[in-house]
Amino acid sequence: MAEHIILFAGPMGAGKTTAIRSLSEIEVVSTEAANTDRETADKDTTTVALDYGEITIGDEDKVRLYGIPGQRRFDFMWSVLKERAMGLVLLLNADAAAPLAQLTEFLEEFGDLHRTGGVVVGITRTDVTAGPSLADYARTIEAALPGSLVPVFTVDARSGAHMRTCLLSLIANIEMRSLSGALTGQVA
Amino acid sequence: MRSTTYTMSLVNLAPGQRAAIAEAFETLTAECSPGWLMLDTEGADLMIVGSPSAGSWQEHQLVARLIGENELPGPSELGLRSPVSVIGLMNLLEAARRRLAALAPPVRSGLQVKRAVPLPDRHETSFAGSSFAAMPSEAPARPAMAGPGPYAEDGSMPWRAQLDALRKPAPSQTSQFLSHPAPPFAAPVSRGDPALGAWAETALTLYSIMQNSAPVIAEISIASNALVQADFRYRAFSSTAPIEELPAAPRQVTIRTVSPPPDWPPSFALPGQPLDKLLWFVGYNAFDGAPAPWLHPEDRYRLQRWPNFTEIAYQLDHMRMTAMIGNAYMNPRELAGACGAPFDSAQRMINAYSLMGLLQTSPQVSAPPVALSPPPGQEPPAAKAGLFARLRQKFGL
Chain V
1 MAEHIILFAG
11 PMGAGKTTAI
21 RSLSEIEVVS
31 TEAANTDRET
41 ADKDTTTVAL
51 DYGEITIGDE
61 DKVRLYGIPG
71 QRRFDFMWSV
81 LKERAMGLVL
91 LLNADAAAPL
101 AQLTEFLEEF
111 GDLHRTGGVV
121 VGITRTDVTA
131 GPSLADYART
141 IEAALPGSLV
151 PVFTVDARSG
161 AHMRTCLLSL
171 IANIEMRSLS
181 GALTGQVA
Chain B
189 MRSTTYTMSL
199 VNLAPGQRAA
209 IAEAFETLTA
219 ECSPGWLMLD
229 TEGADLMIVG
239 SPSAGSWQEH
249 QLVARLIGEN
259 ELPGPSELGL
269 RSPVSVIGLM
279 NLLEAARRRL
289 AALAPPVRSG
299 LQVKRAVPLP
309 DRHETSFAGS
319 SFAAMPSEAP
329 ARPAMAGPGP
339 YAEDGSMPWR
349 AQLDALRKPA
359 PSQTSQFLSH
369 PAPPFAAPVS
379 RGDPALGAWA
389 ETALTLYSIM
399 QNSAPVIAEI
409 SIASNALVQA
419 DFRYRAFSST
429 APIEELPAAP
439 RQVTIRTVSP
449 PPDWPPSFAL
459 PGQPLDKLLW
469 FVGYNAFDGA
479 PAPWLHPEDR
489 YRLQRWPNFT
499 EIAYQLDHMR
509 MTAMIGNAYM
519 NPRELAGACG
529 APFDSAQRMI
539 NAYSLMGLLQ
549 TSPQVSAPPV
559 ALSPPPGQEP
569 PAAKAGLFAR
579 LRQKFGL
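Quick mapping for you: the protein sequence lines, in order, are chains V and B.
Under our numbering, the residue at position 7 of the first sequence is numbered 7, and the numbers go up by one with no gaps.
Counting the second sequence from 1 gives a position; our numbering is that position plus 188.
There's no promise every hint is true.
[To be verified] Mimicking DSS-like on lysine-lysine, the simulated pairs with C-alpha atoms at most 27 Å apart in a straight line are:
id, chain 1, residue 1, chain 2, residue 2
1, B, Lys582, V, Lys62
2, B, Lys582, V, Lys82
3, V, Lys82, V, Lys62
[As the list claims (entries may be wrong)] Ranges between beta-carbon positions, derived for each pair:
id, chain 1, residue 1, chain 2, residue 2, range
4, V, Ala2, B, Leu415, 27 to 37 Å
5, B, Ala411, V, Pro146, 17 to 27 Å
6, B, Thr428, V, Ser133, 41 to 51 Å
7, B, Gln581, V, Arg139, 42 to 52 Å
8, B, Pro459, V, Glu27, 52 to 62 Å
9, V, Ser133, B, Gln548, 51 to 61 Å
10, B, Pro449, V, Ser133, 49 to 59 Å
11, B, Pro403, V, Glu27, 29 to 39 Å
12, V, Gly111, B, Arg423, 45 to 55 Å
13, B, Ser264, V, Asp127, 30 to 40 Å
14, V, Ser159, B, Leu415, 44 to 54 Å
15, V, Val80, B, Gln581, 46 to 56 Å
16, V, Thr129, B, Ser264, 26 to 36 Å
17, B, Asn413, V, Arg139, 29 to 39 Å
Treat the hints as calculated values from the structure; they're not laboratory data.
Don't be surprised by glycine CBs; every beta carbon is placed ideally from N, CA and C.
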């Protein structure tokens, strides 16, 4: 059975755990602890190791969904998982103090995943505050990963439809990049 | 269906001159099928300028100068006599059309689908300066105009019937969509062209607004179904009906625009809905699956920015095609072939994305065609294999 690892990253409170719950077919395994950093995210608990969910497709494929903790003190987990991952769903909350700076920070950490697989960015909590425009996020991505075209969507992590859109666009981008590479000789 | 062939633009003209030409355009637009577009771009086929040194133009571009009563245009110029009349404008367009038609197609690069460099005086006039003109392509052959034009007011010309119609008083226009008093600028009324689909005229008007980055308010009436207000200052719109429920092929769509004063309040409660959602709907449903008039069918396109797929009503084929042109330049036929999607769907998507300003055009306009389509009845491997396809099936999409 082929295994496909998709990471969900982002700062604390961006909705990673919720997003995985929206997609997973199994009860999501969460490692949450009481949140002692109320200034960063006003919520009761936060992920300290991993969230895990999965989607099984027949007998052939299993999509493993890993949510990695947002705090930098757990970043040793990031490097372990990103080596095996095919793609990244990066979630950012629009009402954070500096979402564009957070975007840059995470792209610096996970930029090589864009080269080896794919990245899609989901902006949550846009219903709470508008925050930067999608064009602002796109410009920040272009600055961090010149020449890259990363999908950026506004999302509600509680919405299965939104998270399916993120996942499918991530996979589509990875597959079409591979196919376009094969066709480049003809098209260029 | 007739597709628009030529584009024109106004450069370095006084506000009054621009308004006079635009008014003549509007009169033609109201009576004729589109054959010309007026856009705010330096890449137009015909540039109407105010002085001989107004700019430097490409070989394939024609230049027409606004000239006084006793003045003659330069040897390589066309002329448009001032004061501008509808007849004079028709003469100019006919002369330009004939000259452009005589050029070999590969020489003309045509309109590039990207945001045009704004003209210096674009904010000095009302939006009436950025509208559309029409010219039947079956107009009789005439020599290039340098003096008296082919259309005279003696009733002997084949356009006489249309000219008579042009003299009818314009219907009165009243503003209904703003809760505030009407802004000071009168707005043109555009009518849907049945040959292009009812959304075509709306798409053309919205495209011009986008190209101009014009801070206007547009009101779109869809038969008796709904009223849409789009405020381009805030890149937002509001609709009396969910946009997904608007008819793809309504009997009639009417669009009118107003250019509000700088301190004019929003025409609806903000934030409204994102403008891209409206542009996608209009661009996708206009032109009945044919290329938008501002596109060259064989040009190749690449995505500059992904649309927000959680806001627009897309199909999964669009997602795959979007990913493909995010990674390679393709024309709609190549795109459909590579992704195993219907050509109609690819063309509609390209139309919509170009309206939304999401595309860049390949400089290799004359590159040879690429055959990517699988044999009839067969899907390309990428369409039925791969994790995307299996997930799609898994999700029941």
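For the range 26 to 36 Å, tell me whether the beta carbons of threonine 129(V) and serine 264(B) fit it or not. violated, 57 Å
Hint check for glutamine 548(B) and serine 133(V) - Cβ pair distance inside 51 to 61 Å: Cβ of serine 133(V) to Cβ of glutamine 548(B): about 20 Å, so the range 51 to 61 Å is violated.
If I claimed the Cβ atoms of valine 80(V) and glutamine 581(B) lie 46 to 56 Å apart, would that claim hold in this structure? violated, 32 Å
Starting from the range 27 to 37 Å, see whether the pair alanine 2(V) and leucine 415(B) falls in it by beta-carbon distance. Violated, since alanine 2(V) and leucine 415(B) (Cβ atoms, about 51 Å apart) do not stay within the stated range.
Is 42 to 52 Å right for how far apart the beta carbons of glutamine 581(B) and arginine 139(V) are? violated, 36 Å
CB of proline 459(B) to CB of glutamate 27(V), is that within 52 to 62 Å? Violated, at about 37 Å.
Mind checking the alpha carbons of lysine 82(V) and lysine 62(V) for me, to see if they're no more than 27 Å apart? holds, 17 Å
Cβ distance range 17 to 27 Å for alanine 411(B) and proline 146(V), holds or violated: 48 Å Cβ-Cβ, so the 17 to 27 Å window is violated.
Taking the CB of glycine 111(V) and the CB of arginine 423(B), does the distance hold inside 45 to 55 Å? violated, 29 Å
Against the range 29 to 39 Å, how does the distance between the Cβ atoms of asparagine 413(B) and arginine 139(V) compare: consistent or not? Holds, at about 38 Å.
Check whether the Cα positions of lysine 582(B) and lysine 82(V) lie no farther apart than 27 Å. holds, 25 Å
How does the Cβ-Cβ distance of proline 403(B) and glutamate 27(V) compare with 29 to 39 Å: does it lie in that range? About 52 Å separates the Cβ atoms of proline 403(B) and glutamate 27(V), which means 29 to 39 Å is violated.
In this structure, the hints that do not hold are numbers 4, 5, 6, 7, 8, 9, 10, 11, 12, 13, 14, 15, 16, in rising order.
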